[in-house]
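Colleague: Every letter in the sequence shown is one number past the one before it in UniProt numbering, and letter 1, counting from 1, is 1.
Please note that a few of the clues may not be correct.
What the hints assert, rightly or not - Each computed EDC-like pair below joins lysine to aspartate or glutamate, with the alpha-carbon atoms no more than 16 Å apart: (1) K61 / E161; (2) K121 / D93; (3) K104 / D116; (4) K53 / D144; (5) K65 / E134; (6) K133 / D116; (7) K104 / E86; (8) K8 / D106; (9) K133 / E55; (10) K53 / D20; (11) K135 / E55; (12) K104 / E145; (13) K8 / D155; (14) K39 / E160; (15) K65 / D155; (16) K61 / D155; (17) K81 / D107; (18) K108 / E145; (19) K8 / E152; (20) K61 / D144; (21) K135 / E161; (22) K56 / D116; (23) K53 / D116; (24) K109 / E145; (25) K109 / D144; (26) K65 / E86; (27) K81 / D116; (28) K108 / D144; (29) K52 / E134; (30) K11 / D48; (31) K11 / E161.
As the list claims (entries may be wrong) - Derived Cβ-Cβ restraints for the label pairs, each shown as a range: (32) K108 / G34: 48 to 58 Å; (33) I112 / Q73: 17 to 27 Å; (34) E32 / D106: 39 to 49 Å; (35) H151 / D106: 19 to 29 Å; (36) K29 / K109: 32 to 42 Å; (37) K31 / D93: 20 to 30 Å.
The hints are simulated quantities; they were obtained by calculation from the structure and are not laboratory data. We put the CB at the ideal spot given by N, CA and C, even for glycine.
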Amino acid sequence: MTDFNRIKICKTATQRSIMDVTSALNYHKEKEDGEKVYKGNLAFSITDRANKKYEKAFLSKAATKVLMYSIIQHTFPNLFKNGFVEYGGSKKDGTIRARVFSVKIDDKKRFIFQIDEGAGKLGPNGSIQMANKEKTVQTYVSYDEAQKMAHEVYDYIKLEETMAFLKGNPYFTIQADRYKED
Numbered sequence: 001m002t003d004f005n006r007i008k009i010c011k012t013a014t015q016r017s018i019m020d021v022t023s024a025l026n027y028h029k030e031k032e033d034g035e036k037v038y039k040g041n042l043a044f045s046i047t048d049r050a051n052k053k054y055e056k057a058f059l060s061k062a063a064t065k066v067l068m069y070s071i072i073q074h075t076f077p078n079l080f081k082n083g084f085v086e087y088g089g090s091k092k093d094g095t096i097r098a099r100v101f102s103v104k105i106d107d108k109k110r111f112i113f114q115i116d117e118g119a120g121k122l123g124p125n126g127s128i129q130m131a132n133k134e135k136t137v138q139t140y141v142s143y144d145e146a147q148k149m150a151h152e153v154y155d156y157i158k159l160e161e162t163m164a165f166l167k168g169n170p171y172f173t174i175q176a177d178r179y180k181e182d
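Whole structure, please, built from the sequences with the hints as guidance.
Modeller: See below:
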């Protein structure tokens with residue numbers, strides 16, 4: 001059986017950089033009350049070959065769908081006038097790391113995918129904010145290649161959502177059965 005959380009959906013490459021988009025969609029976290037909270041994501045990994053840097057950022061399924069659909073529909077520049085930005089990070093062994101995933105379009109109609117990473121600090125409501133940017137990786141994707149990528153990623157998400165729904169484990173939060181009839 002295939003582990004759909006290990007599928008590379010697409011890859012773009014230039015002489016300077018490589019970007020992979022992989023699935024991390026099949027992830028629910030169960031709360032004490034039995035509610036299964038959906039936490040699935042898509043992973044965007046960028047390798048800067050020239051500077052030997054690598055970073056990975058996770059983007060929610062919902063945010064990825066909006067981003068990819070805006071590329072498919074040629075509405076990205078109007079919808080994201082200042083570019084698309086998603087803030088995130090992680091806490092591991094008491095260390096807080098912040099990541100900022102961004103996409104913008106340049107004058108040559110290329111999409112610039114970028115991940116900034118560095119020391120983070122906890123903000124309001126548990127959010128992670130960048131305290132000190134330490135590393136940046138980016139890749140340029142031509143308009144045509146971005147169209148291909150967007151179609152592949154968007155279609156993959158829709159397929160995975162359908163398959164999960166049919167298996168009875170949809171990619172949404174599943175509420176606990178609090179009102180069972182005796």
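Colleague: Are there hints from earlier that the structure breaks, and if so, what are their numbers?
Modeller: Hints 4, 5, 8, 20, 21, 27, 31 contradicted; others consistent.
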